[in-house]
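Enquirer: Chains A and G are the protein sequences, given in the same order. Straight run, no breaks: the first sequence in the numbering used here ends on number 944. Straight run, no breaks: the second sequence in the numbering used here ends on number 555.
Keep in mind the hints are simulated off the structure, nothing from the lab. Each hint should be verified, as a subset may be incorrect.
[What the hints assert, rightly or not] Lysine to any residue pairs mimicking SDA-like chemistry, simulated, CA-CA at most 20 angstroms apart:
id	chain 1	residue 1	chain 2	residue 2
1	A	Lys871	G	Gly453
2	A	Lys638	A	Asn659
3	G	Lys105	G	Ile150
4	G	Lys349	A	Lys710
5	G	Lys28	G	Glu138
6	G	Lys349	A	Val877
7	A	Lys602	A	Ser754
8	A	Lys638	A	Tyr624
9	A	Lys710	A	Ser692
[As the list claims (entries may be wrong)] Sample of chain A residues with no beta-carbon within 12 angstroms of chain G, all distances over it, derived:
id	residue
10	Pro595
11	Met649
12	Gly677
13	Asp685
14	Asp738
15	Asp881
16	Asp882
17	Val885
18	Gln919
19	Asp924
Glycine included, each C-beta is placed from N, C-alpha and C at the ideal position.
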Amino acid sequence: MTTTFSTIEQLQPAPAYSQAEYVARLLSGRTLLPDTAENLKEVVGVLKAYGVVLDAYAINLQYIANHQFLNLIPLFKYFDGNVTPKKMAKHIWHNRINYEYAEYVMRTMMWHGGGGLDTYLDSDDFWACCSPAIHAKARRNPVLFVFNKIFPEFLPEQVRQLAYYSGLGQFWRVMSDIFINLSEQYDQGNIKSIDSVVEFVKAGLVADASRPITYSVTIGGTRYDIIPKSVGLTFLPDTAVPYVESIFFRGTPFFGTVSYNAQAHQIPIDQAQFGYGALFADPLPIGGAGIPPTLLMQDMRHYVPDYLAKMYGRSVRGQDDVRVQLSQSFQKSMFCVTEAAVRGLMPYPTNTTDPKEQVLNEDYLNGWMKRLLESRLDIVQSA
Amino acid sequence: MILSALILIPLAGALLIGIWPGTIATKQVRRGSLITLGVNLAVTIYLIAQFDITNPGFQFVEQLDWIETLGLSYRLGVDGVALPLLAINSLLCLVSVYISSEIKRPRLYYSMLLLITSAVAGAFLAQNLLLFFLFYELELIPLYLLIAIWGGARRGYAATKFLIYTALSGALILAAFLGLALLSGTGSFDYNPALAQGLTAFQQTLLLGFLLIGFGVKIPLVPFHTWLPDAHVEASTPLSVLLAGVLLKLGTYGILRFGLGLFPEAWMEVAPLLAWWAVVSVLYGSLAAIAQTDMKKMVAYSSVGHMGYILLAASAANPLSILGTVMQMVSHGLISALMFLLVGVVYKKTGTRDLNVLRGLLAPERGLPFIGSLMVLGAMASAGIPGMAGFISEFIVFRGSFERHALQTLLCMVGSGLTAVYFLLMINRVFFGRLTSADDSVGGSIVVTLPGVSWRDRAPAIALVLIIFAFGLQPEWMTRWIESTTTAFVPNALRAATLVSQPAETPLQTLEIQPPEIQTSGLSPTVTSLIHSPSIDINAAPGSIDWLSYAPSL
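With the hints as constraints, model all of the structure from the sequences given.
Expert: Okay, here's the thing in structure tokens:
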């Protein structure tokens, strides 16, 4: 039995399901997240807020990539080129969109790598593309010039990071539009179940799957391609899949009230074994796992739709712990997005009658579920 | 009349609530008690404002013969020792009524709280031994009922144990007072430091022994302490605040006023033993606190340890250490009340005080971060971190006692270190880590939802923290009321110290050293000047210290 403290209610553990049960559930067309009215409200509501915030992130990431190119002291990088006293005051007062969160995500993606973008940035082709841009920039800036002479690897590494800025910005552009559209469809009464949410997101991902990922900067009136279209990077395999891998699954541990001892191997030596991503993160801001989610929740709380705000207000702590509740809802919604990706990448339709295809489908799902079973999937099963 | 007012206002409130014909709503009972104690606090503040800080003796004296044949008179007075304790009493009683809510049988409950306020004020003010005893005993009855009726699961056991211990304490004190009156041959119970002068050393020591054990139960000192943790655990939060903050001070006040005050010669003789007793109390209390798994028991044992400092300082009996006793009473009153308040909030919100269950309460949004932060401050104050009242009082206690009992003082200082140990253990277990200890049966964990803490729960704790900081940063605000009285406590002790330390063949009459005149026209020196006094030679043997250098403005 559960021994813990609570003056509110008797706590009930979430029901436990096996890997086979989850696989069977996915094959039969049911969803990972239980299909309840509350879950639907939470998922759509939080994705609405997330869509608004992602829009701002996407714009800013691309602004930094395009307009703060090799600016080593980018004081006004979060201002999107609109530096006014009012905006500066708002920035310092801190009641603003925390673009720092987007940068954390960008760095985590860059650190874990994976996909075509990572491969390209380590190739000679990239070197050939970025050198002219660096030289063009260094010609106008003696500090950069000296820097580049002494540390020839430094500026290219900065450009790699800027390429990730741009790549993540383009990925989130698409996701933001999907989530906002989803919310509109829900408001119009067209979305009535978790399954339709998953299908909607899947359709969005599939529609933009082969959208090209490119990056170019303009220096002194000349356009320099950093990621030319000819490299052939596309949305789904080169940004979406690495994003899911590094942000949803791996992530990075952060400081908090829970600390790790890396020397005692409490942090896996193999980066691929990391389990600190969004699907594993603890909604309590203790820093145990995941990108510090408080920043994102802080940003989203300004855009929570009314129906969801009302629901949060009815909880025990009311408005006190909106960020924690947002974090919990956010995690639920990310299971839906993950499931959309799982469905989108499924080798054969779920209703196939060919036994060989059925076996391959099952193997594919088992591969996903093996990892998901370690996540907080079990916790979101409780009603 | 102002002193009688401090006794009569809460008494009148108690009677009014208790016997008011017709029904009163719980809210109104509480409001009535709050108004009564608010007025009481206002009168206390007025008293403090009118208090003459240059006068070391009793002020606002009221005298009314009561039962002359018994030697019982209604005689009240206040000096620098009683004044701060009165203030603490008025403040903490108000706090404890403020934090009482959802009380069953409210009329009895609140009238009992008011009765305690009245009785404790009476005990601090009484200038007649029998009168003191009456108030001392009067306070037991409401306290017993408050534990026995509104206590926890084992309230019957705890209340009875409390009653047996403290009734025995009362009996011993009464025996000492009767013995004093009979042996001195005056038949008067009026408080008079010269009362015991005609007694032989043996008689004095015997009577002092009765008093020490009697008040030792109340303080409580090891081994008479076992009633306290039980009483605290079963008592409700408001009662624990009162018990730790005010009622224990009756014991230390009694030891100071009647032990040291009436039997200075015998006191100086047994002083080294008392200092060792203090060491045992401090170390035992602190070590026992480390072993506790109930937050309240831990704070209760911490009280046992910290009250030991007062005995240590009292045993040293020099101006600085006596000042330290009163300051330690005040700061312990504030700090322990704060700790019990906070533990009470934790208990109210989580339903447990078990250190093995509580985890991660500092968690933002879902936990009790504000209460946790105040608890960290409380632990710091208790462990004597500079900037808070606990530091300055402990520092003066140790600085004053070191002259006379160097080894014992050093050992007691270990207790200060242990305070940090047990409170940090508690804070680490209860407030750090992830909120909830619970593994659900499938290897995950359950998100615990605690109800929010209202500002009403926080306000009294914040007020106490502010006072603790104020006295820590500006100790003069506390010492100015106390100092001239505590300095004047010493002439008796000085004479005793000299007597004791002289070779036996010296004729007694040549030792009639005039006590240093206490100058009443000017302010007595500040604590700082005492601390930095160059003539304090810490290497000097006991008895050979230049006591005269302590006298103000000579």
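Enquirer: Sort out whether Val877 (chain A) lies within 20 angstroms of Lys349 (chain G), counting only the CA atoms.
Expert: The hint holds at about 15 angstroms.
Enquirer: Could you check that no beta carbon of chain G comes within 12 angstroms of the beta carbon of Asp685 (chain A)?
Expert: holds (48 angstroms)
Enquirer: Taken at face value, is the distance from the CA of Glu138 (chain G) to the CA of Lys28 (chain G) at most 20 angstroms?
Expert: violated (30 angstroms)
Enquirer: Could you grab the alpha-carbon distance between Lys871 (chain A) and Gly453 (chain G) and see if it respects the 20 angstroms cut-off?
Expert: holds (18 angstroms)
Enquirer: Take a quick look at Asp881 (chain A) and tell me if its Cβ sits farther than 12 angstroms from every Cβ on chain G, holds or violated.
Expert: violated (5 angstroms)
Enquirer: Checking one constraint from the list: CA of Lys349 (chain G) to CA of Lys710 (chain A), max 20 angstroms. Satisfied?
Expert: Measuring from Cα to Cα gives roughly 66 angstroms; hence the hint is violated.
Enquirer: Taken at face value, is the distance from the CA of Ser692 (chain A) to the CA of Lys710 (chain A) at most 20 angstroms?
Expert: At roughly 13 angstroms apart (the allowed maximum being 20 angstroms), Ser692 (chain A) and Lys710 (chain A) satisfy the hint.
Enquirer: Could you grab the alpha-carbon distance between Lys638 (chain A) and Asn659 (chain A) and see if it respects the 20 angstroms cut-off?
Expert: Roughly 12 angstroms separates the two Cα atoms, so the pair holds.
Enquirer: Please confirm whether Met649 (chain A) is truly not at the interface, meaning its C-beta sits more than 12 angstroms away from all C-beta atoms of chain G.
Expert: holds (28 angstroms)
Enquirer: Decide, holds or violated, for the assertion that all CB atoms of chain G are farther than 12 angstroms from the CB of Asp882 (chain A).
Expert: Violated: least Cβ distance 4 angstroms, not greater than 12 angstroms.
Enquirer: Measure nothing beyond the straight line between the CA atoms of Lys105 (chain G) and Ile150 (chain G); if it is 20 angstroms or shorter, mark the hint as holding.
Expert: holds (9 angstroms)
Enquirer: Taking C-beta pairs only, is Gln919 (chain A) more than 12 angstroms away from all of chain G?
Expert: holds (29 angstroms)
In summary, the numbered hints that this structure violates are 4, 5, 15, 16 and 17.
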